[in-house]
Every structure is written in C-alpha cells, then in structure tokens.
Amino acid sequence: MDAKKLDWLKINSTKVRGAELDTAIYVNKLGYRAKPNQTVWPMEWHNTIVLLGCSQTFGSYLPWEHTMAHMIEQGIPGKQVMNLGIPGNSVDRIWKMLIDIRKRVKPWAIVVNWPDINRYYEFHTGKNGMLSYQFDGRDQELHHYFLTDKGLDYHIQLADNMIESARQMWVTHTNWVELTWALTMKDNVYYVKTRDRASDDKHWGPGTNKDAAQYVIDQLTDFL
Amino acid sequence: MDIEKHEWLRNRSRHALRSNEFVFINQLGWRSNGEPMWTKPIEESIVLVGCSQTYAGTLPYKDTFAYHLEQSLDRQVINLGRPMGSPEWIWKMLVDIKQNAKPWAIVINWPSPFRYYEWHTDRFGVLTFDVLQRDQALYQFYLEHPEFLQKYNDYIIKSSRLMWQEHTRLVEMTWSIDLSDQTHMIHQADSVSTQDKHWGVKTNKLAASYIIDQLSRKV
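Heads up: the protein sequence lines correspond to chains A and B, in order.
Numbering (the numbering used here) for the first sequence: 1 to 224.
Numbering (the numbering used here) for the second sequence: 1 to 219.
No wet-lab data here; the hints were simulated from the structure.
Misleading hints may appear alongside valid ones.
What the hints assert, rightly or not - Below, computed lysine-lysine pairings styled on PhoX-like, alpha-carbon distance capped at 20 angstroms:
#, chain 1, residue 1, chain 2, residue 2
1, A, Lys202, A, Lys186
2, B, Lys151, A, Lys103
3, A, Lys10, B, Lys151
4, A, Lys103, A, Lys5
5, A, Lys103, A, Lys4
6, A, Lys193, A, Lys150
7, B, Lys218, B, Lys102
8, A, Lys10, A, Lys29
9, A, Lys10, A, Lys127
10, B, Lys158, A, Lys103
11, A, Lys35, A, Lys210
12, B, Lys151, A, Lys127
13, A, Lys106, B, Lys158
14, A, Lys150, A, Lys10
15, A, Lys127, A, Lys106
The structure displayed is predicted, hence computed values, not measured ones.
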C-alpha cells in the first residue's frame, strides 16, 4: 500500500504508557500498531483483513506475536491483517471508522472486536471518553452527562443503533466477523471469555488472544 | 399489508399523531391517504422518511408530495414523516426498516443538522429554541457544542446512505440550507400560509418532481 494514499486513515501515534514499553510495541507511519519495522502494510485492500477495536485489539501489554492480529495473519494464508485497534476506543468511533473505510475501500474482510458500552466518542474533539475513568483533557460536561441515568440510557440506545447500522453497512458488502470482550455486549455478539491476562493483569493474555483469533479464523475460513 | 406483521413499524411515540380536519392517521400511527392501513406490500411501496415537511400537517393530503408521488408513479406511498424529526431519528427508522423489509424505494427529506433525538425519551431537540420539557443537560451540551452535532449528523447521513444506496432506490433531498452542500436542496417556492412557514402547495409539487425525476433514472 502507498502510505500517501492512506492519509485519511492516519491518526496521531497511539500513546504507549510506561509499562507497555517493555513489550516493544511498534507503531507504523499511520499511527497504528503493526508488525515490528513494517512502516506500512504491504498488500492491497482486496487481501486485507481490517481489525477494529480498542486496546484488546491493539494488544496492549503484549508483544506482537501474542496479539490476535498476528495470530489471525498466521491462520489465514495470503492475507494481511491491518490492526486498527486504538486503546480506549468506543463503539461510536469504531462506527465512524467503519463509515470512513466503507466510503473509500473494500477490504477482503472486516473484523470488529466491540468494546464496552461505557465508552463514547467526542465528535467535537476527536477523543474517546470512558465513563469509568476521567481522562485528562476530555469534555467534563459530556462526561458528567453520560454518568447520569438519563445520559447512560441515551448512550446505550444510541450505541445499539450504531452497532446495528455498522452491520447493515457491511454485512452484504464484504466478509464480516464480530466479537466482543465486554460482558455488556454478550447478548448482542459472540463473547470471548477471558482465560488469561497480560502483564497489567487487565487485558487479554496470549491464551485469550489465541481463542479470539481462532474464532475469527473459523469464521473467515468459510469465506475463503 | 397485514397489520400484525407490521407492528415493528408502529409509531410508538407518546405524542402520537392524531387525525384532524387535514390529516388522517392510520392504524399504525402514520399519516395516510385515508385508508386505515396501507393495502399493498412495503416491497412495492415508496417509503418517505422525514420531519414535518414530509408529514405536511397543515396541508390537505392532495397537496402533499406524498400524494403527488402516489398519483404520478401509481405506487403506494408510506409517509413516515414525523413532526420535529431529526437526522438521528431518520437514521434509526432506516435501521429498523432495513432489519424488516426492502421497500421499492426510500426517499429521505433531511431536516436541519441542528436537531437531535433523545434516545431515552423518544423526543426531539432543536438548538434554535429551548424545549422546556426536554432533557436540559443534553440540550445545554449541544447548544454549547453545535460542532459536535454537525459532525455527528454528517456521519449519520453517510451511514444512512451506505446502508441503503446499494440495497434499493434511494433518493435524498433536504429543505435545510445547512445540508445543501451534502444533498439536493428543494428551494422553497411558497409557504402554507403567513403563519405556517412550511412548504406550500407549489414547493410540494417541486419536491415531487425532483423525486420522480430521480426515481426515473434509477429504474
């Protein structure tokens, strides 16, 4: 792929926190986690599996070899995995990214690892927010609104509609797989149960990444 | 159409539309041509989604663009116009419809991007006037950050388009100058009256002509 033609996909390089540095995380020219030293993805869109999600997909606190992106790539020969996981990512922003992608290109497959419903996207600042954690520099007013019963109800119904519209935009357009790590989503989509954890004791460990990758490989193999 | 099989389409708003001297509301809660229920299948129908311009609550049915379409194209029109409807609500309706049916055509008459939908109350908000009964905290937020609503609604419109444009005949238009760079704007030629600034008889005819022309290109 030509990096210049991918400007629309560019994000500010994902911030990597202190402890994650030990795991030698490599972020490519466009700001996404990638195979070490791979500045841009080599194959074209028709051979690309786009993986969207949050830090579970990014592979926080894990070396590249233990991420589901790497494992899926190993399990589906001839395809590359574009890991567009962004730590802290929300349903809202994934929905937005799916629109941006759908308008421009047609990947061989889309895989979405939906995050918890307690995240949201600040359309006016371009930042993700989280109900359980007040990040610096976020919109306080919006954060407090979503913490109220009304605000939460508003956001849950909106997020449900975003997920359904994401499906409707993609499911007949390309190969489509969904999963989630979030209990709040388990009625809506295939839930991957956590069986081990990364060094931070929060994110999926290598075993759970393997389970997730296997689920995706099984689903995608049907489309080969 | 079997009413029981189309319960998903029922207008469940607490502020249900009511029949009056101009308007007949059918058994599912939407404005119609006087029939208690649409008679032909949704798969053979043109579905209109929009706000009060589409609902046309102060115009007799024969002056609405829904009627003109029905007459000119000899197709049943399902008018899902809801007064105050916002882009978000239209998008919600489009998601619901896509889950349940494939109309012959969808026509969207986009309202102002400065409206929003209260998902938790099923009511609408508008930035240009304070709607006292609504969720004040949400209203205040959007009032202080109209750019949030504008960017978000931009994606709502794109998402609607992407869901439907390859699925059936899709025609979009708007009455809002704020969306004129995104979709075809119907320029208002007249109003219902000096008190009611909604599209009048002429403008409804113009809207119908535009839709008929667009649909003829898509057949």
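Hints versus structure:
1. Of the pairs offered as hints, the one joining Lys202 of chain A and Lys186 of chain A holds, with about 18 angstroms between alpha carbons and a cut-off of 20 angstroms not exceeded.
2. In summary, the hint linking Lys151 of chain B to Lys103 of chain A is supported, as the alpha carbons are separated by about 16 angstroms, within the 20 angstroms threshold.
3. In summary, the hint linking Lys10 of chain A to Lys151 of chain B is supported, as the alpha carbons are separated by about 18 angstroms, within the 20 angstroms threshold.
4. A C-alpha spacing of about 14 angstroms is found between Lys103 of chain A and Lys5 of chain A, which places the hinted pair at or below 20 angstroms, so the restraint holds.
5. This hinted pair checks out: Lys103 of chain A and Lys4 of chain A have alpha carbons roughly 18 angstroms apart, not beyond 20 angstroms.
6. Between Lys193 of chain A and Lys150 of chain A the CA atoms are separated by roughly 30 angstroms; this puts the pair beyond 20 angstroms, and the hint is violated.
7. Between the alpha carbons of Lys218 of chain B and Lys102 of chain B the distance comes to roughly 16 angstroms, so the proposed pair stays at or under 20 angstroms and holds.
8. The hinted pair formed by Lys10 of chain A and Lys29 of chain A meets the criterion: a straight-line CA distance of about 8 angstroms does not exceed 20 angstroms.
9. With a C-alpha separation of about 14 angstroms, the suggested pairing of Lys10 of chain A with Lys127 of chain A holds against the 20 angstroms cut-off.
10. Distance restraint check for Lys158 of chain B and Lys103 of chain A: the Cα-Cα separation of roughly 8 angstroms lies within the 20 angstroms cut-off, and the hinted pair is therefore satisfied.
11. A hinted pair counts as satisfied when its Cα atoms are at most 20 angstroms apart, and Lys35 of chain A with Lys210 of chain A qualifies at roughly 17 angstroms.
12. Only pairs whose Cα atoms come within 20 angstroms are accepted, and Lys151 of chain B paired with Lys127 of chain A is accepted, the gap being roughly 13 angstroms.
13. The straight-line distance between the Cα atoms of Lys106 of chain A and Lys158 of chain B is roughly 16 angstroms, inside the 20 angstroms bound, and the hint therefore holds.
14. With a CA separation close to 35 angstroms, the supplied pair Lys150 of chain A and Lys10 of chain A exceeds the 20 angstroms bound.
15. Using a Cα cut-off of 20 angstroms, the hinted pair Lys127 of chain A and Lys106 of chain A is violated, with the two alpha carbons roughly 26 angstroms apart.
Figure legend: structure checked against the earlier numbered hints; hints not met, in rising order: 6, 14, 15.
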